[in-house]
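Model the placement of chain B on the given structure of chain A, informed by the hints.
In order, the protein sequence lines correspond to chains A and B. Heads up: the first sequence at position 182 corresponds to 182 in our numbering, and the numbers run straight through without jumps. Heads up: the second sequence at position 98 corresponds to 98 in our numbering, and the numbers run straight through without jumps.
Hint data in this document are derived by calculation from the structure and do not stem from the laboratory. Keep in mind that this is a model prediction, so the values were computed, not measured. Note that beta-carbon positions come from the ideal geometry of N, C-alpha and C, so glycine has one too. Mixed in with the good hints, there may be bad ones.
[Stated by the list, open to error] Taking lysine-lysine pairs in the BS3-like style, the calculated list, with each CA pair at most 25 Å apart, reads:
hint	chain 1	residue 1	chain 2	residue 2
1	B	Lys162	B	Lys218
2	A	Lys60	B	Lys218
3	A	Lys60	B	Lys142
4	A	Lys242	B	Lys79
[Unchecked claim] What the simulated footprint calls covered on chain B by chain A, stretch by stretch (three residues with Cβ under 8 Å from a Cβ of chain A suffice, anywhere in the stretch; the number is not a length):
hint	segment
5	122-130
6	147-156
7	207-221
[Claimed, not checked] Take a look, some chain B residues computed to stay more than 10 Å from chain A by CB distance:
hint	residue
8	Pro71
9	Thr82
10	Pro89
11	Arg116
12	Pro139
13	Gly193
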Amino acid sequence: MTLEAPRASTTQFDTDELVINMGPQHPSTHGVLRVVLKLDGERVIDADCVIGYIHRGIEKLSENRDWTQIILLTDRMDYVAAATNNLGYCQTVEKLMQIEVPRRARYLRTVLAELQRIASHCLWLGTHAMDIGAMTVLLYAFREREFVLDLFEEFCGARLTYNSMRIGGLPLDIPPGWDKKVLSFCDLMEGKLNDYETLLTNNRIWLKRTRDVGVISGDEAIGLGLCGPPLRGSGVPRDVRKDEPYAAYDELEFNVPLGTRGDTYDRYLIRMDEFRESIRLVRQAVEGIPEGPIMGKVPRLIKPPAGETYHAIESPKGELGYFIVSDGKSTNPYRFRVRPPSFCNLQGLKRLVTGHLVADVVALIGTIDIVLGEVDR
Amino acid sequence: MADETKSQSGQDGADSRPRAAGAGSKVAEKPAAAGKPAAEAAARKPAPKPRPKPKPKAPPEPPKAPEDQAPPDGMELPKMVTAVQAGAPGAVQQVSYWVGDWTVIVAVDRLLDVMRFLRDDDSTSFDYCSDVTAADWPPREKRFDVVYCLYSTRLRHRLRVKVRVGEQDPVESVTQLWPAADWLEREVYDQFGIDIVNHPDLRRILMPEQWQGYPQRKDYPLEGPGELLMENPQDWLRVRNLPDEAGAGADADVEIE
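In isolation and in its complexed conformation, chain A is listed as follows (with noise of 0.2 Å):
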């Protein structure tokens, strides 16, 4: 990989090159991420992660557990945003075993991961917001998270692991009021969007720590596996809602935000959009929402015919794919893999910190919103 990223002079100082080692345990790096920077004074000239320290084996584990079973363990994978997991995952076994999902089931579905990317997007802002020195954004946008949880607690009885979604539908419809719910949370998150872009937009502080850090090209972006936001950021037109449509999104109404300049600030607005893009999509699903039922004609044991496939979506992160082999005779999957958003874009860590300073190091890896859980796996 070439790496051509700025560097200033440092010849009218006599620095030593010097490594240190930033986590796993620090707050900064959003879990238990290591990275290995090597300093030329304050500037960063190389950096390696290190991951792994929660790598729990899923995808093997996975490979032993029944279809359905393998649900919950993806809740576990990104578990900030696990309803987006479960739905990745049912929507590849429905197209192995090709199954119809009857359009409630898809409404609800696109509501339910839309909401999602709200409250995923929230533990973004707060976090990355807190790192560089934001502290009041960090309770607003927790503050919020917590109305998108009750929502899915009232939705699926859990607040952090759904398990909300089942091969080729939904466990349960929706509770009597429940859309009148969301839909007076979609009224009460416009308002206080529009609290967290007073405290941020243009704020000085704000602009100094993220206009031109981590400044990426688009070519050089795809050519590096971003996905999500950081592409997008870039000025790539890619999302997977649009260009491989699934669940109900080919029938509503969405824009799909994209950077100019590439830098950590155009990343922090095309998020701010995406929030108002969700809620677009949550009022237009819950409105839209048909009647009928919500499960669609299931074997009762599920068995894909032998064969293999890999399905997309997008993810709060990025692009989540699943690549799953059947056998065709077992009641597990033969191969079960997981490409996780998160690991994708940690990979462009190192090319985005290099020729930065150290305090930005923490800004950078709170711009590509990385969750270990789902790195590791």
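Chain B in isolation, oriented as in the chain A frame:
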């Protein structure tokens, strides 16, 4: 006579256990009174007889090989597939289609040619490497499938490229084409032990550096190696392979805890 003994032993085999125990105690009491040849035969024979019986409950045989379904008759190959067949003649061994996904199976020594063509040609232009992974099919001679999931951000289509390799076969790294493959190939090496050559930084990524064995292989135990691995990796490997080496000699129940 052969028929007689066979039928006798066949009868004895059915209730061999209680008889054998009884005979054993009898032998101690009256060794000289071995007047009945049939009883003696019954005491001796059951020992080797039941051995082959419990075999079938051993782990079920893994599937022999994945079937790569050919596209249905009369289905037209998409442009990306015909382009790569023309652009890299002879490299594509098989084309497969399943639930809407196209896969080309490529000879491992032509992998880089094909990949470079797929990335650079205008009719394919796969600029985004979504995923690199593998699957293990142990009884097969070329036991690994290495799978590359490619996507084109310009043309918005997908294709999977697959190569089949044996345990010792090297696979060329595609990091020179897509830097995205860096960590993904490291994971393939880490989890499957596939030898990826010309990779800039081939280290373990999810497992610790000094880990023995490759967890995603099908012959790697699900419960993990346990404590023994940490103390003595060589012993662990020996114990792990014990039931296979010992064959008929050892009872099936002496296994590692």
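Comparing the hints with the structure gives:
no.	hint	in the structure
1	B/Lys162 x B/Lys218	19 Å, holds
2	A/Lys60 x B/Lys218	9 Å, holds
3	A/Lys60 x B/Lys142	21 Å, holds
4	A/Lys242 x B/Lys79	22 Å, holds
5	122-130	holds (count 4)
6	147-156	holds (count 4)
7	207-221	holds (count 5)
8	Pro71	13 Å, holds
9	Thr82	21 Å, holds
10	Pro89	26 Å, holds
11	Arg116	14 Å, holds
12	Pro139	12 Å, holds
13	Gly193	14 Å, holds
In terms of the numbered hints stated before, the structure departs from none.
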